[in-house]
Amino acid sequence: AQSVTQLDSQVPVFEEAPVELRCNYSSSVSVYLFWYVQYPNQGLQLLLKYLSGSTLVKGINGFEAEFNKSQTSFHLRKPSVHISDTAEYFCAVMGTYKYIFGTGTRLKVLA
Amino acid sequence: NAGVTQTPKFQVLKTGQSMTLQCAQDMNHEYMSWYRQDPGMGLRLIHYSVGAGITDQGEVPNGYNVSRSTTEDFPLRLLSAAPSQTSVYFCASRAGGYNEQFFGPGTRLTVL
Chain A
1 AQSVTQLDSQ
11 VPVFEEAPVE
21 LRCNYSSSVS
31 VYLFWYVQYP
41 NQGLQLLLKY
51 LSGSTLVKGI
61 NGFEAEFNKS
71 QTSFHLRKPS
81 VHISDTAEYF
91 CAVMGTYKYI
101 FGTGTRLKVL
111 A
Chain B
1001 NAGVTQTPKF
1011 QVLKTGQSMT
1021 LQCAQDMNHE
1031 YMSWYRQDPG
1041 MGLRLIHYSV
1051 GAGITDQGEV
1061 PNGYNVSRST
1071 TEDFPLRLLS
1081 AAPSQTSVYF
1091 CASRAGGYNE
1101 QFFGPGTRLT
1111 VL
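For the protein sequence lines, the chains are A and B, in the order given. Numbering (our numbering) for the first sequence: 1 to 111. Numbering (our numbering) for the second sequence: 1001 to 1112.
Please keep in mind that the hints were generated in silico from the structure rather than gathered at the bench. Treat the numbers as computed from the prediction; the structure is a model and nothing was measured. You may find that some hints are simply not true.
Said to hold, decoys possible - Estimated spans, in silico, between C-beta atoms of each pair:
| id | chain 1 | residue 1 | chain 2 | residue 2 | range |
| --- | --- | --- | --- | --- | --- |
| 1 | A | E16 | B | N1065 | 48 to 58 Å |
| 2 | A | N68 | B | T1020 | 36 to 46 Å |
| 3 | B | G1063 | A | P79 | 42 to 52 Å |
Claimed, not checked - Derived DSS-like pairs: lysine-lysine, alpha-carbon spacing no greater than 27 Å straight-line:
| id | chain 1 | residue 1 | chain 2 | residue 2 |
| --- | --- | --- | --- | --- |
| 4 | A | K58 | A | K98 |
| 5 | A | K69 | A | K58 |
| 6 | A | K98 | B | K1009 |
| 7 | A | K49 | A | K108 |
| 8 | A | K98 | A | K69 |
| 9 | A | K108 | B | K1009 |
To be verified - Covered stretches of chain A (in silico footprint by chain B; criterion: 3 or more residues with CB under 8 Å from a CB of chain B, positions within the stretch not fixed):
| id | stretch |
| --- | --- |
| 10 | 58-72 |
| 11 | 98-111 |
The C-beta atom is built at its ideal place from N, Cα and C for all residues, glycine as well.
Using the sequences plus the hints, can you model the full thing?
In structure tokens:
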């Protein structure tokens, strides 16, 4: 069965600093990976996805992620965060018919 | 396009009561899913559907029923509410293939 692990439950970071949110997945023949963001009291929305091709994927709001097959990782990065990036971030892998989500990482951007 | 809509936004139930959480989408998506979100546990799949008339269980189906009589609607029924079902419930839909899911705004349910 496929699964994802988000290694950090909370990440505090100062405004304008870089951030990396970590995600590892269980190996599979074909891997389809996603990052979603959830702002307070809202549903989730897609940040970016990796289906195939270039291992560096760019998403909305200046986020990017790198697919690393040898390390089975799909870490999310942003070079300079803003207060408005404070949210919960979820990594997900697509299995047969359904998504499997990680437990989430709460990003807190400090002024 | 309203996207994915959920009603109600908030609900308080007493133990043993039943209710239905409504979910509708207007994007003609084949796939629909129900998740519950609990602190520290991420989103856990309750039930999902791959088309009208076809549903299957996710990882936490006990205490919940679903049906999919139309493409648009995917209601979630709590048969006999328990305090362990206090949670935030999200409905989501997507087209076939490896497409993104679109989420509703959620229903916050408290069972006393």
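Against the structure, the hints:
Look at E16(A) against N1065(B): about 49 Å separates their beta carbons, and that is inside 48 to 58 Å. Restraint check, N68(A) to T1020(B): a C-beta distance of roughly 44 Å satisfies the suggested window 36 to 46 Å. Our hint of 42 to 52 Å for G1063(B) and P79(A) holds, since their Cβ atoms are close to 45 Å apart. Proposed proximity of K58(A) and K98(A) is supported: the alpha carbons are some 23 Å apart, at most 27 Å.
With a C-alpha separation of about 17 Å, the suggested pairing of K69(A) with K58(A) holds against the 27 Å cut-off. Pair hint K98(A) plus K1009(B) holds up; C-alpha atoms about 25 Å apart against a cutoff of 27 Å. Restraint check for K49(A) and K108(A): satisfied, since their Cα atoms lie roughly 23 Å apart, inside the 27 Å limit. For the given pair, K98(A) sits about 21 Å from K69(A) by alpha-carbon distance, which is consistent with the 27 Å threshold.
Annotation: proposed proximity of K108(A) to K1009(B) holds, straight-line Cα distance about 26 Å (limit 27 Å). Judged by the Cβ-Cβ criterion of 8 Å, the stretch 58-72 of chain A is not covered by chain B as claimed, because only 0 of its residues qualify and three are needed. Counting residues of the stretch 98-111 of chain A whose C-beta sits closer than 8 Å to any C-beta of chain B gives 7, which meets the bar of three, so the coverage hint holds.
This entry does not satisfy hint 10, going by the numbered hints stated previously; all others are met.
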